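A.B. asks: Produce the entire structure from the sequences given, and follow the hints as far as they go.
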Amino acid sequence: MSGQQQAWDRGDIPGFMMAYSDTVCFIGRTRTTCGKDKVTAQYRRSYPDRAAMGMLRFELDEVLPVGDKHAWVTGGWRLYRAADTLGGGFSLLWAREHQGWRIVRDHTY
0 MSGQQQAWDR GDIPGFMMAY SDTVCFIGRT RTTCGKDKVT AQYRRSYPDR AAMGMLRFEL
60 DEVLPVGDKH AWVTGGWRLY RAADTLGGGF SLLWAREHQG WRIVRDHTY
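In numbering that gives the first Met the number 0, the protein residues as written are 0 to 108.
Hints listed in this document are in silico derivations from the structure and should not be mistaken for laboratory results.
Remember, it's a predicted structure, so these values are computed and weren't measured experimentally.
Honestly, I wouldn't trust all of these hints.
[Claimed, not checked] Pairwise CB distance ranges (calculated):
#1 Arg44 - Lys68: 26 to 34 Å
#2 Cys33 - Gly87: 17 to 25 Å
#3 Asp67 - Asp8: 28 to 36 Å
#4 Arg9 - Gly66: 29 to 37 Å
#5 Trp71 - Ser1: 14 to 22 Å
Each residue gets a CB set at the ideal place from its N, CA and C atoms; glycine is no exception.
C.D. replies: Written out as structure tokens, the structure is:
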């Protein structure tokens, strides 16, 4: 997840999205969006420029292996911007795919 954080802080949404599976479902506060392209488009709408993106920090609480090919990762996030600071929690289901570990379910709140 450090690679995601670094990509975000550079303003690189495609780099941030490299951690996601093509079949990801993002479960947010108001809706569920499935498919990497749709989730990417949602991020671009929500964070249209560097000022909106700010600086992202993750804090991992737990990594819970579920067999050899899956793991639940839980923790918190903070987004530091000039105008405000946002934050919440997340629960991520990671799967080992042929390209490596990828997020298949992202519940961020």
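A.B. asks: Going through the numbered hints above, which ones does this structure break? Give me the numbers in ascending order.
C.D. replies: none
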